[in-house]
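Visitor: As a plain string of letters, each chain reads:
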Amino acid sequence: MRQGGRVGLGLVLPLALAIGWEIAIDPGLVSGRLLPPPSRIGATLLDLAASGDLLMHVQATLIRVGLGFLWGAAVGILAGGLVATLPTLRWLLDPSLQALRAVPSLAWVPLFILWFGILETPKVLLIAVGVFFPVYVGVSGAIASVDRKLIEVGRIFRLSRFGLARRILLPAVLPATLVGLRTGLGLGFLFVVAAELMGASEGLGYLLVDGQQFGKPDQIVAAIFDFAAAGKLADLVLMTLTRPLTRWQDTERESL
Amino acid sequence: MVAATLQRHTDQARGASLHAEAVSHAFDIRGAPLPVLDQVSVTVAPGGFVALLGPSGCGKSTLLRLVAGLEPPDQGVITVGGQLVEGPDPSRLLVFQDPTLYPWRTVRGNVALGLEAQGVGRADRAARIDRALGLVGLSAFADAYPHQLSGGMAQRAALARALVNEPRLLLLDEPLGKLDALTRLAMQAEILRLWQEKRFTAVLVTHDVEEALILAERVIVLSDRPAAIRAELPVEAPYPRHRDDPDLVRLRRTILEILGQVT
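Note that the protein sequences, when read in sequence, are chains A and B.
Adding 20 to a residue's 1-based position in the first sequence gives its number in our numbering.
Adding 42 to a residue's 1-based position in the second sequence gives its number in our numbering.
If you're looking for bench data, these hints aren't it; they were derived computationally from the structure.
You may find that some hints are simply not true.
Calculated cross-link-like contacts (lysine-lysine; reagent style DSSO-like; alpha-carbon spacing at most 27 Å) [what the hints assert, rightly or not]:
1) B:Lys240 with B:Lys220
2) A:Lys252 with B:Lys240
3) B:Lys220 with A:Lys169
4) A:Lys236 with A:Lys252
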């Protein structure tokens, strides 16, 4: 099927559900109190956008995810790289990190609140923790599984240590690193909700809590919709920025 | 024939001699030494072509890794061109059974690696890469990525990546082992032509008796692990050789007897 046809087919189900719901509520067949019709959700979104609140909330959430992602990814890449290349450090750090990884990250919330209060620090930290692990595991695993022969060819040509790292190690681990970053970004959005649920006066997570406390389901669904859009957009930006780094993989996929 | 041999021995501009003296080596398997080479001595004259033949897993590839300088031998001395082998060097290049090309580099980029490492200038580099690719018949695929190549073409690219550095000693570790029968025949002719043209010294590791006899001036038969030299047989038939040359057929039988495959 052509690309356009496939996209169209994917839209059939949500559109049919939305229209069906709208039609069912209109003559009073079902109550729209707990699940408002699409028209009301759209109107809520427009209201939020018009008052400037939407921009503020989206901005607050994106800044938190962005900061948390940068910290988590940077520390994850650094730790993954060091642990994979220095055996002593691996034996020292990896067991502890793997144990910490097994802790459900939400378990940190009470502790972070005790330590850092309820302002921005614990939120960004929680997101960073969520982003850190997939990046760390991705980078260290990718370095450990680089084909030994690829390194040996480099050694035969007498590449310097720096040359080996730049010309062989870096491109070899890039794809797995990007997968780790992408997973990390997804988790960042997961954790920003948890972070904003723990007390915030702005952000999409705040819209969720606010909607629940004041019985505004249309606002909740609108916030969910915004999460989907923001998450997808962030993923698209990451993919677009990193695509030139793995162009060779694109040609590989095309030839499949 | 005599004239040709003489000419080869006077034209020693490229080929380096190889001397391996009583080389023994063991792998460390969980603290227990597993001997793979036992007092192996091999001498190859500059520009010579020697094949190392033996059962798979006997340690012949290990010998090539030692000569390439990827590991130091436990015992014994290896010199190339009169110089002690103390580490890898672009003048002795190893071609693996797998092409081991870099998937993120085009064919051209793969061939460029050695020249980049040695700091060869861009213009000079391009000219040498074009020449090397022409030599192995891959000019049309210069900008292809490795995954777009067939097995034979990928191995040609690996050969070009070695040859572009003008090695004095080329170590071939079963380079045709994974190719289909027809491609293998074509690549044998190719390797022979490159050797005759470029006059590097060649050491080929193989477990294909026929391949050894078609290519090498001398065949060294190794025993099972730990590899020791069982026999050294000169192959005097002139190039290009024919598989059903009676001399080769006789040698083939002798070698198979040594390897215990014919009673």
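Visitor: Now tell me, hint by hint, if it's right for this structure.
Guide: Each hint tested on the structure:
Annotation: proposed proximity of Lys240 (chain B) to Lys220 (chain B) holds, straight-line Cα distance about 25 Å (limit 27 Å). For the proposed pair Lys252 (chain A) and Lys240 (chain B), the alpha carbon gap of about 57 Å is over 27 Å, so the pair is violated. With a C-alpha separation of about 16 Å, the suggested pairing of Lys220 (chain B) with Lys169 (chain A) holds against the 27 Å cut-off. Distance hint between Lys236 (chain A) and Lys252 (chain A) is fulfilled; the C-alpha atoms sit about 25 Å from each other, no more than 27 Å.
Hint violations for this structure: number 2 only, all remaining hints satisfied.
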